[in-house]
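Chemist: Listed below are the residues making up each chain.
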Amino acid sequence: MAQSGTQVKQPEGGAERPEFKASMSTRYGLDRAFTVLVTVAALVGIVVLVVLVVDVIRDGSTMLSPKFLTSFPSQIFPENGGVYPALIGSVWLLGLTALISVPLGLGAAVYLEEYATDTRINRMIEINISNLAGVPSVIYGLLGLGIFVQLLAPVTGGTSVLAGALTLSLLILPVIIVATREALRAIPGSIREGGFALGATRWEVIRSHLLPMALPGALTGIILALSRAIGEAAPLLVVGVSLYQTYATTGPFDGYMALPTQIYDWISRPQQVFQDSAAAGIVVIMAVLLLANSVAIVLRNRFEKRA
Amino acid sequence: MSELSEEQHEVRQGSEGAPYDDGSTLGMKIENLSAFYGSFKAVTDVSIDIRANKVTALIGPSGCGKSTFIRCLNRLHEMIPGAHAQGCVMLGEQDIYNKSADPVVIRRRVGMVFQKPNPFSKSIYENVAWGARINGYRGDMDELVERSLRQAALWEEVKDRLKESGYGLSGGQQQRLCIARTLAVEPEVILMDEPASALDPVSTQKIEDTMAELKQSYTVVIVTHNMQQAARISDYTGFFYIENMGDPGRLWEFDETEKMFSNPDRKETEDYVTGRFG
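Residue numbers (our numbering), protein chains in the order written: chain X, 1 to 307; chain Y, 308 to 585.
Hint data in this document are derived by calculation from the structure and do not stem from the laboratory. Hints may contain errors.
Here are the simulated distance ranges between beta carbons [as the list claims (entries may be wrong)]:
{"hint": "1", "chain 1": "Y", "residue 1": "Gly370", "chain 2": "X", "residue 2": "Glu114", "range": "39 to 45 Å"}
{"hint": "2", "chain 1": "Y", "residue 1": "Asn339", "chain 2": "X", "residue 2": "Arg185", "range": "55 to 61 Å"}
{"hint": "3", "chain 1": "Y", "residue 1": "Asp449", "chain 2": "X", "residue 2": "Gly134", "range": "51 to 57 Å"}
{"hint": "4", "chain 1": "X", "residue 1": "Asp118", "chain 2": "Y", "residue 2": "Asp329", "range": "45 to 51 Å"}
{"hint": "5", "chain 1": "X", "residue 1": "Glu304", "chain 2": "Y", "residue 2": "Ala519", "range": "38 to 44 Å"}
Calculated lysine to any residue pairs in the SDA-like style (CA-CA distance at most 25 Å, straight line) [said to hold, decoys possible]:
{"hint": "6", "chain 1": "Y", "residue 1": "Lys470", "chain 2": "X", "residue 2": "Thr119"}
{"hint": "7", "chain 1": "Y", "residue 1": "Lys574", "chain 2": "Y", "residue 2": "Gly370"}
{"hint": "8", "chain 1": "Y", "residue 1": "Lys348", "chain 2": "X", "residue 2": "Thr119"}
{"hint": "9", "chain 1": "Y", "residue 1": "Lys429", "chain 2": "X", "residue 2": "Arg202"}
{"hint": "10", "chain 1": "Y", "residue 1": "Lys348", "chain 2": "X", "residue 2": "Thr117"}
{"hint": "11", "chain 1": "Y", "residue 1": "Lys429", "chain 2": "X", "residue 2": "Asn301"}
{"hint": "12", "chain 1": "Y", "residue 1": "Lys423", "chain 2": "X", "residue 2": "Ser208"}
{"hint": "13", "chain 1": "Y", "residue 1": "Lys429", "chain 2": "X", "residue 2": "Leu211"}
{"hint": "14", "chain 1": "Y", "residue 1": "Lys423", "chain 2": "Y", "residue 2": "Lys522"}
{"hint": "15", "chain 1": "Y", "residue 1": "Lys470", "chain 2": "X", "residue 2": "Glu114"}
{"hint": "16", "chain 1": "Y", "residue 1": "Lys423", "chain 2": "X", "residue 2": "Glu114"}
{"hint": "17", "chain 1": "Y", "residue 1": "Lys423", "chain 2": "X", "residue 2": "Glu204"}
{"hint": "18", "chain 1": "Y", "residue 1": "Lys466", "chain 2": "Y", "residue 2": "Glu515"}
{"hint": "19", "chain 1": "Y", "residue 1": "Lys423", "chain 2": "Y", "residue 2": "Glu463"}
{"hint": "20", "chain 1": "Y", "residue 1": "Lys423", "chain 2": "Y", "residue 2": "Glu433"}
{"hint": "21", "chain 1": "Y", "residue 1": "Lys470", "chain 2": "X", "residue 2": "Gly29"}
From the three backbone atoms N, C-alpha and C, an ideal C-beta is built for every residue, glycine too.
Let's have the full structure, built from the sequences with the hints guiding it.
Modeler: Right, here's the structure in full:
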């Protein structure tokens, strides 16, 4: 520390240099303290997740088997029951929701970032979209019930998996839009100008340059959004998900069961076997989520490499 | 002829494509061009005859509207929200600010290289081929890419890695890639907005060499802050200047480069080119 307070005199009567006095041990100490702090913060998240997963797998292990995936739930022989219709229903929900919300979300984001001028109406739309991300999901359920299940019953077939997916799409659209807009905004304006200067139309610039460059960022938002959609139970209960049905969903206009509502149903029953089934159901939903996310991550990495 | 004033005389010459006294022809005729950002007038009343197959340099202090001005020549200025331009810019027989003019078509005919290299996030090959493809190029694409890269003096450096990303190139190479992609759409005029300001001297030299080649087949307009560069590479020079703070920029003087740098008519021009201000 000897040199930390050293003064250096300017030659030939120049002004005295400002002094720098700092205790390096304090600065490095703070540095280390901060490292510990952020490591602990990260560990808390990881440890809680690991405990949760281990606990759930242990509880569910008695029920987990290939048969669990291929059987219908049963009240008479609950130990032989499974999640088959709920799993199929959730896969339908996830697929339809992605099909509906991804193009709509990308489109809305492109409009707001690339086409919209700064008018009062557009500013209102922007603020509303950001606020929509914070609305409780059950409210979306009520909206879906009013619009997709009742008003649009001739189109959606009432309490169909399509109506459920439309409701979930509304729920996650804001997340996709906001993430995609952020990704588009991060692209420097010089890329757009470079395209226009070659005689490209707006659409050509968007299609060839902006969308491919924004896609990795947008996919991150899409992954988060779809993860949320597959875990939602509340809005589905409002728009008429089946708690039990004797068939698996085979088309968009069929009725449907879903994993979160199946788990909710099991968990509300006191018998141990239902509690174990719920745990096993949670393992299944996590596996589906993991699978869907890894597909999205592979896609994202491929686009990142190309970019 | 004798009853025409000198100015009218020149207009007639220009529009008929007849040569000027020095043998050059008209490339782009700009009359009373003003550029606005919202209600703010950034450039006012610029009139220049840009000579074909010559390099025209635009110099002047920062913020006096040079860049804004050349962005009006390919109608890129109006892409900025709230911005617009007024006046007449003749490209051949067409006024590019006429209602019937299609800005997308104009921008293919008047290419632009920007201050900072802005290659697309694609392969080197695709960077060059993309503009030609969207504009409906029907010929041999490989041949066009090679020719454009050769013209931009980049071919030898990249011929073995055409499939690699343009982002992997150095700044100077990226800028030449941007020149190549501009050449690939066969523009008539190439606008360059300080194309070498972000580059090292060696890369700058290469770009300047490229420009000397380019004027054989293209009309080049270049904005530069580098007076030596303007003197080295240009045939004509325009000096932009703002007299009082807050005024719009205007074209203060325009003449052959030699005259502008040795014996300009106006004092401000002389002060600027001799480095007394700016």
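Chemist: Would you mind marking each hint as holding or not holding in the structure?
Modeler: Now for the hints, and whether the structure bears them out:
no., hint, verdict
1, Gly370/Y to Glu114/X: 39 to 45 Å, "violated, 28 Å"
2, Asn339/Y to Arg185/X: 55 to 61 Å, "violated, 37 Å"
3, Asp449/Y to Gly134/X: 51 to 57 Å, "holds, 53 Å"
4, Asp118/X to Asp329/Y: 45 to 51 Å, "holds, 48 Å"
5, Glu304/X to Ala519/Y: 38 to 44 Å, "holds, 40 Å"
6, Lys470/Y to Thr119/X, "violated, 43 Å"
7, Lys574/Y to Gly370/Y, "holds, 20 Å"
8, Lys348/Y to Thr119/X, "holds, 22 Å"
9, Lys429/Y to Arg202/X, "holds, 18 Å"
10, Lys348/Y to Thr117/X, "holds, 21 Å"
11, Lys429/Y to Asn301/X, "holds, 15 Å"
12, Lys423/Y to Ser208/X, "holds, 21 Å"
13, Lys429/Y to Leu211/X, "holds, 13 Å"
14, Lys423/Y to Lys522/Y, "holds, 22 Å"
15, Lys470/Y to Glu114/X, "violated, 29 Å"
16, Lys423/Y to Glu114/X, "holds, 22 Å"
17, Lys423/Y to Glu204/X, "holds, 22 Å"
18, Lys466/Y to Glu515/Y, "holds, 21 Å"
19, Lys423/Y to Glu463/Y, "holds, 23 Å"
20, Lys423/Y to Glu433/Y, "holds, 19 Å"
21, Lys470/Y to Gly29/X, "violated, 49 Å"
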